[in-house]
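**Student:** Each chain, written out:
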Amino acid sequence: MESQSVLLRVNGPVVFASNMGMAGLGEQVDVGDEKLTGEIIALENDVATIQVYEDTIGLKPGEPVSACGEPLSVWLGPGILRSIYDGIQRPLQKLYEYSGTFLERGLSTPGIDLEKRWPFTPVKQAGSAIVDLSVLGEVPETELITHRVMVPRGITGSLTWIAEAGEYTVTDVIAKVATADGEREISMLHKWPIRKPRPIAKRLAPRIPVITGQRVIDFLFPAARGGACAIPGGFGTGKTVTQHQLAKWSDVDMIVYIGCGERGNEMTQVLEEFPVLKDPRSGKPIMERTALIANTSNMPVTAREASIYTGITMAEYYRDMGYHVAIMADSTSRWAEALREISGRLEQMPAEEGYPAYLASRIGEVYERAGRSEIVDSDGSKREGSVTIIGAVSPPGGDFSEPVVTHTKRFVRTFWGLDRDLASARHFPSIHWNTSYSEYDVSAWYAEHVDLPWAELRERAKALLKEDEQLQNIVKLIGADALPDKQRITIESARLVKEAFLQQAAFSEVDSYCPLEKQLAMIDIILTFHSLALQASADGQPVHKIVSSPLVEEIHRMKEAIPAAEMERFVDLKRRIEAELKG
Amino acid sequence: MSSESGRIYRDLQRAAGPIIVVERVTDVAFGELVEVLCGDGTIRRGTVLDVSTERAVIQVFEGAEGLSLRNTAVKFLGKALELAVSPALLGRVLSGAGRPLDGMPLPFEGETRSIYGSAINPVDRDYPMDVIETGMSVIDTMNTLVRGQKLPIFSGNGLPHNELAAQIARQARIRGTDENFAVVFAAMGVKHDDATYFREELERTGALANATMFLNLASDPPEERLVTPRCALTLAEELAFKHDYHVLVILTDMTNYCEALREMTSARGEVPSRKGYPGYLYSDLAEIYERCGRIKTSKGSITQLPILTMPNDDITHPIPDLTGYITEGQIVLDRELHQKGVYPPINPLPSLSRIMKDAIGGERTREDHPNVTNQLYSSYASVGNIRSLAAIVGAEELTDSDQRHLRFGDAFEAKFVGQGRDERRTIEQSLTRAWEMLGLLPHDALHRVTPEQIEQYYEASSGVDEEE
Ligand SMILES: Nc1ncnc2c1ncn2[C@@H]1O[C@H](COP(=O)(O)OP(=O)(O)O)[C@@H](O)[C@H]1O
Ligand SMILES: [Mg+2]
Chain P
43 MESQSVLLRV
53 NGPVVFASNM
63 GMAGLGEQVD
73 VGDEKLTGEI
83 IALENDVATI
93 QVYEDTIGLK
103 PGEPVSACGE
113 PLSVWLGPGI
123 LRSIYDGIQR
133 PLQKLYEYSG
143 TFLERGLSTP
153 GIDLEKRWPF
163 TPVKQAGSAI
173 VDLSVLGEVP
183 ETELITHRVM
193 VPRGITGSLT
203 WIAEAGEYTV
213 TDVIAKVATA
223 DGEREISMLH
233 KWPIRKPRPI
243 AKRLAPRIPV
253 ITGQRVIDFL
263 FPAARGGACA
273 IPGGFGTGKT
283 VTQHQLAKWS
293 DVDMIVYIGC
303 GERGNEMTQV
313 LEEFPVLKDP
323 RSGKPIMERT
333 ALIANTSNMP
343 VTAREASIYT
353 GITMAEYYRD
363 MGYHVAIMAD
373 STSRWAEALR
383 EISGRLEQMP
393 AEEGYPAYLA
403 SRIGEVYERA
413 GRSEIVDSDG
423 SKREGSVTII
433 GAVSPPGGDF
443 SEPVVTHTKR
453 FVRTFWGLDR
463 DLASARHFPS
473 IHWNTSYSEY
483 DVSAWYAEHV
493 DLPWAELRER
503 AKALLKEDEQ
513 LQNIVKLIGA
523 DALPDKQRIT
533 IESARLVKEA
543 FLQQAAFSEV
553 DSYCPLEKQL
563 AMIDIILTFH
573 SLALQASADG
583 QPVHKIVSSP
593 LVEEIHRMKE
603 AIPAAEMERF
613 VDLKRRIEAE
623 LKG
Chain C
-10 MSSESGRIYR
0 DLQRAAGPII
10 VVERVTDVAF
20 GELVEVLCGD
30 GTIRRGTVLD
40 VSTERAVIQV
50 FEGAEGLSLR
60 NTAVKFLGKA
70 LELAVSPALL
80 GRVLSGAGRP
90 LDGMPLPFEG
100 ETRSIYGSAI
110 NPVDRDYPMD
120 VIETGMSVID
130 TMNTLVRGQK
140 LPIFSGNGLP
150 HNELAAQIAR
160 QARIRGTDEN
170 FAVVFAAMGV
180 KHDDATYFRE
190 ELERTGALAN
200 ATMFLNLASD
210 PPEERLVTPR
220 CALTLAEELA
230 FKHDYHVLVI
240 LTDMTNYCEA
250 LREMTSARGE
260 VPSRKGYPGY
270 LYSDLAEIYE
280 RCGRIKTSKG
290 SITQLPILTM
300 PNDDITHPIP
310 DLTGYITEGQ
320 IVLDRELHQK
330 GVYPPINPLP
340 SLSRIMKDAI
350 GGERTREDHP
360 NVTNQLYSSY
370 ASVGNIRSLA
380 AIVGAEELTD
390 SDQRHLRFGD
400 AFEAKFVGQG
410 RDERRTIEQS
420 LTRAWEMLGL
430 LPHDALHRVT
440 PEQIEQYYEA
450 SSGVDEEE
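Protein sequences, first through last, are from chains P and C.
End of the first sequence = 625 in our numbering, gap-free, step of one.
End of the second sequence = 457 in our numbering, gap-free, step of one.
Excised from the complex, chain C in its bound form (with noise of 0.2 Å):
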C-alpha cells in the first residue's frame, strides 16, 4: 500500500524539527542516504537514525520545515551519505553537503567516500614532528602549531578570530620547505561577511586555486551543519593520505555546529546532558577532531584549526570544555587584551601546545626554546598577582622584584604577544624578543632557564628595553 516502487514510501507518520518519520518501511539501513520528495516538487535530503521493523526516524538535513505528512514520499538511496573527492574540488566553492555553488558541475573524476570516515588505526599514525611557523611571537614560542596537530581557537563573539585564522592560513610556513599546500574551509552557520571576508583572504593572497570552500551559512539550513564538518574532512583526507597535500582545516564555528546537533538531538527527545546537548557530544567531535593527523604510508598531513565561540566567554562551557578534551590544545582569545588594544589578544596562560614539546629545541627550532617558554609561563603567571596586590597596596609598595614583573607585564602584552596584522616574526626574531621581556626581570627570578642561558642571552638583552 504505502510504497511506490520498492523503495520509496509515502507513509509519514510525525514530522518535528528536522526529523521526520516514516511507518512500514523494509529493507532500509541505519545510516541510509534518503531523498525526501517535497509536493512542490523540491528534493530534499536526510539520513535514517534510528531504524525498526515498522519504522525509520530519518534526519533531515534542510530540516522538515513546511513539509507535509500527505505530499511527501521518501526515497531510499542504498547507501550513506557519499560524497566523490578528488583534487580537482581545489578551486571550487560548494555547499555544507558538497553540492557546488559556483555554477559549475562537480568533476566526473574522484574516490566516492562515505563522509562518515573510519578512525585511523593508531599503529598506522606518525607522531606530528614539524613545526609550523606562524610568524605570531605568542604562538610560535608558547603555543607552537605543528603539522598535523588539531589546534582550536577558543574566541568570543566580536573578538577577531577570523582575522587570526587568516593571518595563520596566510603565513604559515614549514621551516625550511615548499610542499603541496592547501585549505579546506568548513563554515558552518557564519555570517555572510566572514565567509566573504575569508574568501578575500584566499583570494588576495593566491591561495583561492588551492582552497575549497564548505559554506553553510547562518541562513542555511541547520541540520545541514552536521554534515558540514564531515564532508570538509573526507575531501582534506583524501587529498593528504592519497595525495600527499599538506591541508590546513578551518572549520568555523563549531559553536553553530554543536548547537545545530542539539536541536536535531531534542527534537528526538533524547535524554540530555549538561546544558541540554546530547551525552555523546564528545565522541560527535572526537569523530571530526580527530580526522587529522599524519600516517606513516603517506608524506601529507591534515592540520585542524577549528574556531568555537565561548558563550559567555565561559571556558567551561560543553563546548569549549569537551573541544578542549580532545583536541592537541586551544589558543584561547582574551577580551581583556581586545580590550586593551593588543592584537592577537591570545592569553597564553589558559593556552596549550600539547604537541610542541617534541617538536621545539635543539636542532628544530632553538636550544633555548623550551626553557624560555616554561619561564614566560610561569614569569607570565605572577604578574597576575602582582597587579592585584598593587591594585591594593599601589604599586609604590611593592618590592623591586614586584615592581619588575608589573613592567615585564606590560611590556610582554604590548611588544610580545602584541604585533602587527601582517607581521611575520621569525621563530628567533621572536625568541630574541622574548629575552628583551626576561631582561626586565632580575636574573634570580629566572629558574626555567638555566644559568648558561642566563649568560648568553639575558645579559645581552637586559635594559635594551629601557631605551626605546
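Bound-form chain P, shown alone (with noise of 0.2 Å):
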C-alpha cells in the first residue's frame, strides 16, 4: 500500500513529512503544494526531516511532499560561465525575468538554458576507445574558456557515433558509446550530486603558485594551485575586497565567486565590475571566465548551506576539462552558522559555541575538494586541472580561537590572517606578516620562472620584520630617537617594507596588480637600500642623513610612480641608492 506523502509539521527551514520509507538520506523532494525545493537531512522510521531551500511561510502540514527520486544536483554543461545563481543553481537573470525585482519562490529553472544552441565541433572519431572523462568534442563556451565536452563518469567503452559538427543544444544527442551494458547515448548535459566530490584520477603536489599580483600574497604567503586558503577577519579588515582582489588578478583560468550570506551589494558590484574589468592577460573581460553564485544574507539560509557544494561541484567538472579553477567564498562563516541553524532546528545536541559536533568534519570535507589533478584521456593525451579553494572566515569579535577559524585552520594550508589595527591605520591588505603563514614549497617554481633570488630575498623581508616588531616594543616605551643608529635604520627599512612594499591599494589604477616582476625589483630595492644603510651608518655616515634623503622618499612612492612598462626605471633607482650610500 503506497499512501501519499504530507507534511508533518513546519518549523522555519526545517520541516516534516510522513511516509518518506522509500526515498533515501540527501534525496531531493518537493515540498507542498507550490514545490519548493527541499533535501531530505534525516530519516527516521517513516519520518523524513527535511531542509527547504526558499521561505517556508504559508506552509500547512497536511500539504503533500514529494520525492524526486535523485540526490541534490548541480546541472553541468555550457552555460555556466558568465551566469549568476543562487546556492541551488537557480539562474537569478531568469527569476529576474519572471518575478521582477523581489525574488518569488517555487520558481524552477534549470541552471542551463536547454534550448541554447551551442557550436559543437568533435574531437574524436567513431571507433575511438572511450574512458571516464574523455573529451568528444569542443564548444566555444565564452571568448576565454572552451568547453571540453566529456564522457560522464562511469561510462567505457568505444564510442559508436559522434555528430558531425554543428549546432546543438544541451539536450540533443551528440556520440554514441558502446559499453558493456549496451548502448548509451550521450548529450552535452548532465547532472552531478552536490555533496559528492567528483573524483581525482591522479593527486599531483601543489607546487605551483597562484600568481594573484598581490606583494604580500605572492612574495610572502603564497596560494598554490589545488591549494586551500583561508582569510578570516573581523568586519572590515577587508575580506572581500581581498577575494575580490583575487578573482579579478589570478592567473587562473576560471572563478568560481560564492558570495555566501553576504552583502546583495556586493554581488551587484561584481556583476557591474566583472564584465568591463579586463583580464591582464588576455585583455579579455574578466566576466569571460567568471561564475557567481549569489546566496545573499537574506536569502534562504539552507540554500546558503548548499551553495558552497553548488559552487565546487561546478568548479570540479571545469577542473576535469582540464581547467585551473579558484573558488572564493565569501565567507564560509555564514555557511558554518547554516549549519548551526538547521542542527539547533533539529534539536542536536550542540558542541562549542552552539555549532554542531560535526562542524569539524564538515569543514574538513569542503577544503578537501580542493586539489591539482592530472587525467589522461583514451589516446593518451593528458590534461591538467586544479581546484584551489580560498574561505573567507569571519570570527565573531575578530577573535581567531572561535571554533570556525580554529577548525578551518586544521585543514588550509595557507593562512592570510587580516589585523583590526592595521585596517584602522588604512594599511591595506591588512593581511598581518606575523599571523599570516603559507606552507606550500613553491620555491622550485619561482627558482625556474623569475630572475631575482624570491626564496632568499624572501627570508631576508622576513628576518627584517621579525627583528623589527622585537624593537617596536622598545620604542613604545623609550622612542625611536633613543634607539642606536643601527637599529633605527633596521626600523626606518621595515617601515619601507609595510609602507612602500606591503600596502598596497586595491582601487589604485596603477597599484591594484603587480606583476611578479615589479614586485621582486621593488623589494629588491628596499633591501638593498637596508644594507648599504648599515653598512654607510657604520662607515661613519649620519643616521638622520640617511633616512631623510630624497631617495626614500621616492622608495616611498616607487609603487605608484614606477609602472610596470618601465622596470629600467628601477634598475636606475637601485643604482643611484648605490652611488649615494657607497659614495
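No wet-lab data here; the hints were simulated from the structure.
Please read these numbers as outputs of a predicted model, since none were measured by experiment.
Check before you lean on any hint, since a few could be wrong.
[What the hints assert, rightly or not] Here are the simulated DSS-like pairs of lysine-lysine, each with C-alpha atoms no more than 30 Å apart in a straight line:
| id | chain 1 | residue 1 | chain 2 | residue 2 |
| --- | --- | --- | --- | --- |
| 1 | P | 518 | P | 587 |
| 2 | P | 508 | P | 616 |
| 3 | C | 346 | P | 320 |
| 4 | C | 68 | P | 102 |
| 5 | P | 326 | P | 158 |
| 6 | P | 320 | C | 285 |
| 7 | P | 136 | C | 285 |
| 8 | C | 346 | P | 326 |
| 9 | C | 346 | P | 77 |
| 10 | C | 346 | P | 540 |
| 11 | P | 616 | P | 587 |
| 12 | P | 504 | P | 587 |
| 13 | C | 68 | P | 136 |
| 14 | P | 77 | P | 158 |
| 15 | C | 264 | P | 451 |
| 16 | P | 158 | C | 285 |
| 17 | P | 102 | C | 64 |
| 18 | C | 231 | P | 136 |
| 19 | C | 264 | C | 180 |
| 20 | P | 624 | P | 504 |
| 21 | C | 264 | P | 77 |
| 22 | P | 320 | P | 540 |
| 23 | P | 326 | C | 285 |
| 24 | P | 326 | P | 136 |
| 25 | C | 329 | P | 518 |
| 26 | P | 616 | P | 504 |
| 27 | P | 528 | P | 508 |
| 28 | P | 518 | C | 404 |
| 29 | P | 540 | P | 528 |
| 30 | C | 329 | C | 231 |
| 31 | P | 102 | P | 158 |
| 32 | P | 504 | P | 451 |
| 33 | C | 288 | P | 136 |
Build the complex: two chains, separate frames, hints provided.
**Tutor:** Written out as C-alpha cells, the structure is:
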C-alpha cells in the first residue's frame, strides 16, 4: 500500500514529512502545493526531516511532499560561465525575468539553458576508445574558455557515433558509446550530486603558485594551485576586497565566486565591474572566465548551506576539463552558521558555541575538495586541472580562537590573517605578516620562472620584519630617537617594507595589480637600501641624513610612480641608491 | 470539540513569556497571523512560529502576560502579517505594529504587503553612487554616506546618537539635486523623550509631513519590536521602489530589538549561541538591513541609518558585531571624545563607509578626496601611539615629527571632527579644513597624498592653524 507523503510539521526552514520510507537520505524533494525545493537531511522510521531551500511561510501540515528520486544535484554543461546563480543553481537572471525585483519562491528553472544552441566540434572519431572523462568535442563557451564536452563518469567503451560539427542544444544526443551494458547516448548535459566530490584521478602536489599580483600574497604567503587558503578577519578588515582582488587578478583559468550569506550590493558590484574589467593577460573581460553564486544574507539560510557545494561541484567539473579554477567563498562562517541554525532546529546536541559536533568534519570535507589533478584521455593525452579554495572566515568579535577559524586552520595551508589595527590605519591589505603563513613549497617554481632570487629575498624580508617587531616593543617605551643608529636604520627599512611594499591599494589604477617582476624589483631595492644604509652608518654617515634622503621618499612612492612597463627605472633607482650610500 | 467555528481554537496548552501553544489545530500555516481573543474582550495579535498536525506554537506580539489558558481563544486569519502601504501614510504616527496612534483612521488606499518582504534579486540592484552631503566633516570626508547605503551608528548610553541622527536627517542633501525625500522612523523600545525629540526635530524642520513614525516605546510590549522594523521597511520599499522616493530610514534602538528577539527565543527554549542570542541573529538582522539600496527599475532609494547602543561600549558584543558584518560600514561614537567635549564624538578609526570608494573623488566630490581620507586615517592612527609614548617619556623628549603629530591630533579632534550642532560644512570646506590639519604635519610624513597634491593644497595651508 503506497500512501501519499504529507507534511507533519513546519519549523522555519526545517519541515517533517510522513511516509518517506522509500526515499533516500540526501534525496531532493518537492515540498507543499507550491513544490518548494527541499532535501532530506534525516530519516527516522517513516518520517523524513527536510531542509527547504525557500521561505516556508504559508506551508501547512497536510500539504503533499514528493521525493524526486535523485540527490540534490547541479546541472553541468556549457552556459555556467558568465551566469549568476542562487545557492541551488537557479539562474538569477531568469528568476528576474519571471518575478521582477523581488525573488519569489517556487520557481524552478534548470541551471543550464536547455534551448540555447551551441557550436559543437567533435575531436574524436567513431571507433575511438572511450574512458572516464574522455573529451568528445569542444564548444566555445566564452571568449576565454573552450568547453570540453566530456563523457560522464562511469562510461567506458568505444565510440559508435559522434555528431558532426554543428549547432546543438545541451539535450541533443552528440555521441553514442558502446559499453559493456549496451549502447549509451550522450549529450552535452549531465547532473552531479553537489555533496559528492568528483573523484581526482591522479593527485599532483600543489607546487605551482597562483600568481595574484598582490605583493603580500605572492611574495610572502603564496597560494598554490590546488591548495586551500583561508582569510579570517573581523568586519571591515578586508576579506571581501581581497577576494575580489584575487578573483580579478589571479592567473587561473576560471573563477567561481560564491557570495555565501553576504551583502547583495557586493554581488552587484561584481556584476557591474567584471564585465568591463580586463584580464591583464588576455585583455578580455574577466566575466568571461567567471561564474557567480549569490546567496545573499537575506536569502534562505538552507540554500546558503548548499551554495558552497554547488560552487565546488562546478569548479571540479571545469577542473576535469583541464582548467585551473579558483573558488572564492565569502564567507564560510555564514555557511557554518547555516549548519548551526539547521542543527538547532533539529534539536541536536550542540558542541562549541552552539555549533554541531560535526562542524570540523564538514569544514574538512569542503577543503579536501581542493586539489591539483592529472587526467589521461583514451588517446594517451594528458591534461592538468586544479581547484584552489579560498575561504573567508568571519569570526565573532574578530577573535581567531573561535571554532570556525580554529577548525579551518587544520585543513588549510595558507592562512592570511587580517588585522584590525592595520585596517583602522588604512594599511591594506591588512594581512598581518606575524599571524599569516603559507606552507606550500613553491620555491622551485619561482627559481625557474623569475630572475631575482625569490626565496632568498623573502627570507631577508621576513627577518627584517621579525627584528622590527622586537624593536617596536622598545620604541613604544622610549621612542625611536633613543635607539642606536643601526636599529634606527632597521626600523626605517622595515617601515619601507610595510608601507612602500606590503601596502597595496586595491583601488589604485597603477598598483591594483603588481606583476611579479615588479614586486621583486621593489623588494630588492628596499633590501639593498637596508644593507647599504647599515654599511654607510657603520662607515660614519649620520643616520638622520640617511633616512631623510630624498631617495627614501622616492622608494616610498615607487609603487605608484613607476609603472610595470618602465622596469628600467627600478634599475636606475637602485643604481642611485648604491651611488649615494657607497659614495 | 475544541474549535468553535472552523478557524477559532480554545485549546491553549501553555503560555510562557511571549509564547502560547494551541493544541489540536488543523489547516494552520507556518507564519500565519492570529488574533488572540482575551477573556477581558481585548484582542492581541501573534504569529505562528512552529506548526505540526497536533499543535501550533504562537508568538504573541503583546506578550502572553495575563492570558489564562481557559478564557482565551485564538483565531487564525489565513494570512501572514500584512500592512497596507502607500504615500498616504506620510505624516502619520503609527504603533510599532502599524496601527494608528494619531487618532485618525488608516487610509483606504495602499497595497497590502507581507511585512516580511522578499529578498531583492541581486541582478536588479543598482550600485549606490550618489554622495549624501551631511554637512559633517568627519562623515563627509572620512566615512561618506551614499544614497542607498546602510550605515549604522554604534553608540553607547548617554552618547548623543539621537542628536547626530537628527542632524543627519535635517542636513542631508544630495549634491546638486532636489528630489522626493521621505523619512521613515522606527522606534523600538526607546524612551518617550527620545521619540518626542525626533518628532519635534522633524516638525521644526518641516519634514514631518514627509515622515512616518512607527513607535514602539519602552513601555510597549517587547514582542512588538520584532515587527516594528519590518513594518517600517515595508512602507519604505513601497515609497522607494513604487513611488520613486528617496527614503531615509532611522531604526532605533536595534539593541532593544535584539533583546526582544533573545527573550522570545529563550522562551521557546531554543539553543542559544553567543551571550544567549539565537544562532540565527545574523540572518534575522540581515532580513532587516538588506531591505535597503537602489534598484535598476526605480529612481528611488532606501538609505538606512540604524542606531544601536553597544552594551558596555563593547564593539565585539554580538549586536554591533553582527551588525557590522551586514551593514555597509559603521559610524562609531566614542566616550572619550564625548568627555573631551567633542561633538559629534565620532572616532574615525573604527568607523568605515564601505561604499564611499566608488562615490568620491574626481567629478563626484574632489580629486584629492580619496587620498586625503587615507592620509587622515593613517596620520590619526599614529597619533595614538605617539600619545602613549609621550605619556611615558614626556612630550619634550619626542622628535619634532612626533610633536607635530601630537598637535595635529588635538587640532584634528577639536576642529575637524568637532563642529557645531547646527553647523553645515560643504564637502569642499571639509576638505580645505582637512588640509589645514595636515598642514600641521611635516610634508615628508604624508605618503598617502601625491607630490602634486602636496604642492597644490599643503603648501597653501601649512602654518594657517598656527595663527588662529
Ligand atoms: N586592498 C585594499 N585596498 C584598499 N582598501 C581596502 C582594501 N581592502 C579593504 N579595503 C577597505 O576596507 C573596507 C572593508 O573591506 P571589506 O573587504 O569589505 O571587509 P570585510 O569583507 O572584511 O568586512 C573596504 O570598503 C575598503 O574601503
Ligand atoms: Mg565582507
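**Student:** All the hints need checking, so say for each whether the structure fits it.
**Tutor:** Status of each hint after checking the structure:
Our distance criterion of 30 Å between C-alpha atoms is met by residue 518 of chain P and residue 587 of chain P, whose separation comes to about 23 Å. Note on residue 508 of chain P and residue 616 of chain P: the hinted pairing holds, with a Cα-Cα distance of about 24 Å set against a maximum of 30 Å. Using a Cα cut-off of 30 Å, the hinted pair residue 346 of chain C and residue 320 of chain P holds, with the two alpha carbons roughly 20 Å apart. Of the supplied pair hints, the one linking residue 68 of chain C and residue 102 of chain P holds, its CA atoms being roughly 12 Å apart against a limit of 30 Å.
Our distance criterion of 30 Å between C-alpha atoms is met by residue 326 of chain P and residue 158 of chain P, whose separation comes to about 23 Å. At most 30 Å may separate the alpha-carbon atoms for a hinted pair to count; residue 320 of chain P and residue 285 of chain C meet this at roughly 24 Å. For the hint linking residue 136 of chain P to residue 285 of chain C, the alpha-carbon distance of about 16 Å falls within 30 Å, and the restraint holds. Proximity of residue 346 of chain C to residue 326 of chain P is assessed by CA-CA distance (about 25 Å); at most 30 Å being required, the pair is judged to hold.
For the hint pairing residue 346 of chain C with residue 77 of chain P, the CA-to-CA distance comes to about 43 Å; that exceeds 30 Å, so the pair is violated. Restraint check for residue 346 of chain C and residue 540 of chain P: the C-alpha separation of about 23 Å stays at or below 30 Å, so the hint holds. Of the supplied pair hints, the one linking residue 616 of chain P and residue 587 of chain P holds, its CA atoms being roughly 18 Å apart against a limit of 30 Å. For the proposed pair residue 504 of chain P and residue 587 of chain P, the alpha carbon gap of about 26 Å is at most 30 Å, so the pair holds.
With a C-alpha separation of about 28 Å, the suggested pair residue 68 of chain C and residue 136 of chain P falls inside the 30 Å cut-off, and the hint holds. Proximity of residue 77 of chain P to residue 158 of chain P is assessed by CA-CA distance (about 26 Å); at most 30 Å being required, the pair is judged to hold. With a C-alpha separation of about 25 Å, the suggested pairing of residue 264 of chain C with residue 451 of chain P holds against the 30 Å cut-off. At most 30 Å may separate the alpha-carbon atoms for a hinted pair to count; residue 158 of chain P and residue 285 of chain C meet this at roughly 27 Å.
With a C-alpha separation of about 16 Å, the suggested pair residue 102 of chain P and residue 64 of chain C falls inside the 30 Å cut-off, and the hint holds. Distance check on the hinted pair: residue 231 of chain C and residue 136 of chain P sit about 22 Å apart at the alpha-carbon level, within 30 Å; holds. A hinted pair counts as satisfied when its Cα atoms are at most 30 Å apart, and residue 264 of chain C with residue 180 of chain C qualifies at roughly 25 Å. Restraint check: the Cα-Cα separation between residue 624 of chain P and residue 504 of chain P comes to about 25 Å, which is no more than 30 Å; the hinted pair holds.
This hinted pair does not check out: residue 264 of chain C and residue 77 of chain P have alpha carbons roughly 38 Å apart, beyond 30 Å. Our distance criterion of 30 Å between C-alpha atoms is met by residue 320 of chain P and residue 540 of chain P, whose separation comes to about 29 Å. Pair hint residue 326 of chain P plus residue 285 of chain C holds up; C-alpha atoms about 26 Å apart against a cutoff of 30 Å. Restraint check for residue 326 of chain P and residue 136 of chain P: the C-alpha separation of about 25 Å stays at or below 30 Å, so the hint holds.
Taken as a hint, the residue 329 of chain C and residue 518 of chain P pair is honoured in the structure, with Cα atoms around 25 Å apart against an allowance of 30 Å. Between residue 616 of chain P and residue 504 of chain P the alpha-carbon distance is near 21 Å, which keeps this suggested pair within the 30 Å criterion. Only pairs whose Cα atoms come within 30 Å are accepted, and residue 528 of chain P paired with residue 508 of chain P is accepted, the gap being roughly 15 Å. Between residue 518 of chain P and residue 404 of chain C the alpha-carbon distance is near 28 Å, which keeps this suggested pair within the 30 Å criterion.
With a CA separation close to 19 Å, the supplied pair residue 540 of chain P and residue 528 of chain P stays within the 30 Å bound. Straight-line distance between C-alpha atoms of residue 329 of chain C and residue 231 of chain C comes to about 46 Å, which puts the hinted pair past the 30 Å bound. Under the criterion of a C-alpha separation no larger than 30 Å, the hint pairing residue 102 of chain P with residue 158 of chain P is inconsistent with the structure, at around 38 Å. For a cut-off of 30 Å, the pair hint linking residue 504 of chain P to residue 451 of chain P stands: about 22 Å separates their Cα positions.
The straight-line distance between the Cα atoms of residue 288 of chain C and residue 136 of chain P is roughly 23 Å, inside the 30 Å bound, and the hint therefore holds.
The structure does not agree with the numbered hints 9, 21, 30, 31 stated previously, though it agrees with the rest.
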